[in-house]
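Asker: Each chain, written out:
2 protein chains.
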Amino acid sequence: MTETLSPQTILEELAGVLPQAQLVTGQATEAYLTDQSDGTAAGEPLAVVFPKSTAEVAAIVTLAAANGIPLVPQGARTGLAGGANSITGAIVVNLTRMNRIVSVDTADQTATVEAGVRTYALARAAAAAGLFYPPDPGSWKGSTIGGNVATNAGGMLCVKYGVTGNFVRRLTVVLADGSIVHTGQRTIKGVAGYNLTALLVGSEGTLGIITEITVGLLPAPAPASGVSATFSTTAEALAAAALIVTNNRRPSVLEFLDGSCITAINAFDPASTLPEGAAALLLVQSDAAGQADDDVAEYARILEAGGAGEIVIANDPAHLDQLMSARRLLQPALQAARGASLNEDVTVPRSQLQALLSGLQEISRELLIPISTGGHLGDGNLHPVIGFDPDLPAEVDAAHRAFKRVIQLAVTLGGSASGEHGIGLLKQAHLDDELGLAVRELQRRVKLAFDPASLLNPGKKL
Amino acid sequence: MTETLSPQTILEELAGVLPQAQLVTGQATEAYLTDQSDGTAAGEPLAVVFPKSTAEVAAIVTLAAANGIPLVPQGARTGLAGGANSITGAIVVNLTRMNRIVSVDTADQTATVEAGVRTYALARAAAAAGLFYPPDPGSWKGSTIGGNVATNAGGMLCVKYGVTGNFVRRLTVVLADGSIVHTGQRTIKGVAGYNLTALLVGSEGTLGIITEITVGLLPAPAPASGVSATFSTTAEALAAAALIVTNNRRPSVLEFLDGSCITAINAFDPASTLPEGAAALLLVQSDAAGQADDDVAEYARILEAGGAGEIVIANDPAHLDQLMSARRLLQPALQAARGASLNEDVTVPRSQLQALLSGLQEISRELLIPISTGGHLGDGNLHPVIGFDPDLPAEVDAAHRAFKRVIQLAVTLGGSASGEHGIGLLKQAHLDDELGLAVRELQRRVKLAFDPASLLNPGKKL
Numbered sequence: 006m007t008e009t010l011s012p013q014t015i016l017e018e019l020a021g022v023l024p025q026a027q028l029v030t031g032q033a034t035e036a037y038l039t040d041q042s043d044g045t046a047a048g049e050p051l052a053v054v055f056p057k058s059t060a061e062v063a064a065i066v067t068l069a070a071a072n073g074i075p076l077v078p079q080g081a082r083t084g085l086a087g088g089a090n091s092i093t094g095a096i097v098v099n100l101t102r103m104n105r106i107v108s109v110d111t112a113d114q115t116a117t118v119e120a121g122v123r124t125y126a127l128a129r130a131a132a133a134a135g136l137f138y139p140p141d142p143g144s145w146k147g148s149t150i151g152g153n154v155a156t157n158a159g160g161m162l163c164v165k166y167g168v169t170g171n172f173v174r175r176l177t178v179v180l181a182d183g184s185i186v187h188t189g190q191r192t193i194k195g196v197a198g199y200n201l202t203a204l205l206v207g208s209e210g211t212l213g214i215i216t217e218i219t220v221g222l223l224p225a226p227a228p229a230s231g232v233s234a235t236f237s238t239t240a241e242a243l244a245a246a247a248l249i250v251t252n253n254r255r256p257s258v259l260e261f262l263d264g265s266c267i268t269a270i271n272a273f274d275p276a277s278t279l280p281e282g283a284a285a286l287l288l289v290q291s292d293a294a295g296q297a298d299d300d301v302a303e304y305a306r307i308l309e310a311g312g313a314g315e316i317v318i319a320n321d322p323a324h325l326d327q328l329m330s331a332r333r334l335l336q337p338a339l340q341a342a343r344g345a346s347l348n349e350d351v352t353v354p355r356s357q358l359q360a361l362l363s364g365l366q367e368i369s370r371e372l373l374i375p376i377s378t379g380g381h382l383g384d385g386n387l388h389p390v391i392g393f394d395p396d397l398p399a400e401v402d403a404a405h406r407a408f409k410r411v412i413q414l415a416v417t418l419g420g421s422a423s424g425e426h427g428i429g430l431l432k433q434a435h436l437d438d439e440l441g442l443a444v445r446e447l448q449r450r451v452k453l454a455f456d457p458a459s460l461l462n463p464g465k466k467l
Numbered sequence: 006m007t008e009t010l011s012p013q014t015i016l017e018e019l020a021g022v023l024p025q026a027q028l029v030t031g032q033a034t035e036a037y038l039t040d041q042s043d044g045t046a047a048g049e050p051l052a053v054v055f056p057k058s059t060a061e062v063a064a065i066v067t068l069a070a071a072n073g074i075p076l077v078p079q080g081a082r083t084g085l086a087g088g089a090n091s092i093t094g095a096i097v098v099n100l101t102r103m104n105r106i107v108s109v110d111t112a113d114q115t116a117t118v119e120a121g122v123r124t125y126a127l128a129r130a131a132a133a134a135g136l137f138y139p140p141d142p143g144s145w146k147g148s149t150i151g152g153n154v155a156t157n158a159g160g161m162l163c164v165k166y167g168v169t170g171n172f173v174r175r176l177t178v179v180l181a182d183g184s185i186v187h188t189g190q191r192t193i194k195g196v197a198g199y200n201l202t203a204l205l206v207g208s209e210g211t212l213g214i215i216t217e218i219t220v221g222l223l224p225a226p227a228p229a230s231g232v233s234a235t236f237s238t239t240a241e242a243l244a245a246a247a248l249i250v251t252n253n254r255r256p257s258v259l260e261f262l263d264g265s266c267i268t269a270i271n272a273f274d275p276a277s278t279l280p281e282g283a284a285a286l287l288l289v290q291s292d293a294a295g296q297a298d299d300d301v302a303e304y305a306r307i308l309e310a311g312g313a314g315e316i317v318i319a320n321d322p323a324h325l326d327q328l329m330s331a332r333r334l335l336q337p338a339l340q341a342a343r344g345a346s347l348n349e350d351v352t353v354p355r356s357q358l359q360a361l362l363s364g365l366q367e368i369s370r371e372l373l374i375p376i377s378t379g380g381h382l383g384d385g386n387l388h389p390v391i392g393f394d395p396d397l398p399a400e401v402d403a404a405h406r407a408f409k410r411v412i413q414l415a416v417t418l419g420g421s422a423s424g425e426h427g428i429g430l431l432k433q434a435h436l437d438d439e440l441g442l443a444v445r446e447l448q449r450r451v452k453l454a455f456d457p458a459s460l461l462n463p464g465k466k467l
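Line by line, the protein sequences give chains A and B. Numbering-wise (the numbering used here), the first sequence opens with residue 6 and increments by one. Numbering-wise (the numbering used here), the second sequence opens with residue 6 and increments by one.
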């Protein structure tokens, strides 16, 4: 229907809607091809563009829509599933220059930010106003809030506070035809119309390009206290964690690291002093106002009764921050240890955690490939990391086979391929199994309701 | 396309898929025509059916789809917006006999229930297992969980714990073609595919018929403590409430009643002893483990410093339950006081609450119609109740004009027509203003992706 323009003409038209400094072509696009996932593919884009406003995004999308050119939205490319990877011939829409904190409202406890604002910058801006933005993905110092919304990112504090989507109230979105819409509302509650906001959260850029986000905030929490405990078996660690989960003193962090994670983290960061030699480490934290120290004392009693070896209480902020910062190094430390890694993000009902860990050991043994596991025990969301040497084809192959087996294992246990990283390119093969064909078909119809020509991040998520 | 059968033949076919005791026709359908909203219309259905299983619902929907017959899903009909009202010629699918609690899982902290289970029965079953299902709509003793999910119902505890949708993990749904699908997952997190579960929550039966629900549960809370405080002006009450909202000792209840609500509730229930004569009453509660009494003492200090008159601390469960139970009578008490009522459910950013209350007074004065206001102050979600005598046409007319004005006021203040009751029949006229035409069109496309023939609860929600 549309008269297709030549790539050169498209670039000239792009130069008409964006300043030259916001347009990258040719070899310079190589810096923007992939996220941080190993083992995913990327194609050469027509251009990478760096819009500075929703209006510029709308102009880009309008141009692309008129000419049938695919669009790949992209934040800081800290993703782990290939969702932000470039596609051949696409316009990559990098949103990192839309990094304005529009407002932080103390009366309504909200913040409105552009999609390219770093998650950590949002958290800091909230804290400066005496408020609290809880979701804290491991990559939060680098990741953008737009990317967090697009993947419905989690983090350590989500066991108490919920994931990114629980905080998203209102979105500004550029639709596939270039129109600009707002979904959701600034208020806490709202049921006018379908919840398109929740549908866009986690849609990985396939339904629209999110350019501005209003999040709800909480009052600043009380200073947190924490406790770490080592265990000589993972079974003991899981049993103790289960008792903490059922206690009504709800922890704000409940993390797990196996022994190999601890070794890798301590090797990666000389400042890390996580206790080595144990099979498992639990990190538990409370930030309950007026109650954090009491809560941690209660957790310590539970951990001790559960057979913990070394129990360390971290009552002062610096000590606690050191523990939590070390935990955040899980993924880069393991990636560095082996050269490359495939990062799982499986989630299972908590009752199936032991079966998951046992199954992981079995897969590792059978395929002769190391799997190190840490993550959000309180949510049943673990990150088995499959290390491999990218220069050894046999290891690459074994790693990919292990990757599939782990997802099949999680789904068999009543779980999911992804708790918080997204599907991207890496996990699509498993969706038919997990979701079933009827739901997959319904999802495709929803996609077409938003994007009839399938130009928004094609080949991702679905 | 389809050969349309006569109503009589349809009834015969229905009798083939359901036992006679689950099929009501003719005059007997009158008991199922409307929900509890005044001022909404209902049409005479072809039949009211009472399926006892998802398979029976699927058989009914398949029959209806083949013959182009509209379907109206219905729970306990405690709704306040006409969402469950019958439509002329429709098959009304009343789900109250699907009332089985399938399982309560203490390890995974979930419950799976059929859609017709009463909300209160779910809460009790959770409590019996040492767990907690927080959402507590005013109608919870009568309402069904399916209806709560279909409207994304709120309640008093939602200020701390979130609304129904925050607890819904997995749904069994009969789609418009009669197929049975499952959306979501049993795990806490999950981003495989689009979040169709969140889209179905609040969709008021227009996207599918929800037959089974898995909800997440929390550990049983500690015993709560509460405090009530009277104020001689609503401005003082709002200012004190704002200080409680910004405190990091987060209340589990923060409710507001104006003076006329208190009078109506005390008249409606002789057991109620809410203090009369004040302009406003605040009810504040904490259920923080090990901290509830301290929290309430802190709230009492804030309320006193804010100019409260009578402050009553309710430390024992019976006393607290009496206060909360009285608050729950808001809607029936006001409806009884005047003969009929239109029940608003507007929500505004908390910073706009004073403007909302002032605007309500102005509307009441101008239209000479009483408006009594109470509700979830901590969420910015209030229930102005417009009382009228249904036998006086001038009052009926003034009430409906006031109803529209109140919604326009809320939208002008950055709010929404509905926080938790739904759109139903009552509030559709206002959606264009609130959502904008582009989002309305997107919503219609989503509806058609689910229900191409528009047979599911047509004329509602959208």
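The set of hints was computed from the structure by calculation and includes no laboratory data. Honestly, I wouldn't trust all of these hints.
Copies of the same chain are indistinguishable here, so a pair counts whether it falls within one copy or spans any two.
[What the hints assert, rightly or not] Restricting the straight-line Cα-Cα distance to at most 20 Å, the calculated cross-link-like pairs of lysine to any residue (SDA-like) are:
| no. | residue 1 | residue 2 |
| --- | --- | --- |
| 1 | Lys-146 | Thr-268 |
| 2 | Lys-409 | Thr-45 |
| 3 | Lys-57 | Asp-394 |
| 4 | Lys-165 | Ala-454 |
| 5 | Lys-57 | Thr-30 |
| 6 | Lys-165 | Gly-295 |
| 7 | Lys-57 | Gln-366 |
| 8 | Lys-57 | His-324 |
| 9 | Lys-57 | Leu-334 |
These figures come from a predicted structure and were not determined experimentally.
Asker: With identical chains, the pair Lys-165 and Gly-295 could be close in the same copy or across copies; at 20 Å between alpha carbons, which is it: within, between, both, or neither?
Answerer: Result: close both inside a copy and across copies, 17 Å intra and 17 Å inter.
Asker: As a check of your reading, is Lys-165 near Ala-454 (CA-CA no more than 20 Å) within one copy, between copies, both or neither?
Answerer: Answer is neither: 35 Å inside a copy and 35 Å across each miss the 20 Å cutoff.
Asker: Have a look at Lys-57 and Leu-334 and pick one of within, between, both or neither, based on CA distance no larger than 20 Å.
Answerer: Classified as neither: same-chain Cα gap 32 Å, cross-chain 52 Å, threshold 20 Å.
Asker: Is it within, between, both, or neither for Lys-57 and Asp-394, if the alpha carbons may be no more than 20 Å apart?
Answerer: neither (39 Å within a copy, 57 Å between copies)
Asker: From the Cα coordinates, with 20 Å as the cut-off, is the pair Lys-409 and Thr-45 best called within, between, both, or neither?
Answerer: within (14 Å within a copy, 54 Å between copies)
Asker: Up to 20 Å between alpha-carbons, please classify Lys-57 paired with Thr-30: within, between, both or neither.
Answerer: Only inside one copy: Lys-57 and Thr-30 sit 18 Å apart there, 62 Å across copies, limit 20 Å.
Asker: For the identical chains here, do Lys-57 and Gln-366 meet the 20 Å Cα criterion within one copy, between copies, both, or neither?
Answerer: Neither: 48 Å inside a chain and 44 Å across chains, both beyond 20 Å.
Asker: How would you classify Lys-57 and His-324 at a CA-CA limit of 20 Å: within, between, both, or neither?
Answerer: neither (40 Å within a copy, 57 Å between copies)
Asker: From the Cα coordinates, with 20 Å as the cut-off, is the pair Lys-146 and Thr-268 best called within, between, both, or neither?
Answerer: For Lys-146 and Thr-268, the Cα distance exceeds 20 Å both inside one copy (23 Å) and across copies (54 Å).
Violated hints, listed in ascending order, are 1, 3, 4, 7, 8, 9; each of the other numbered hints is respected by the structure.
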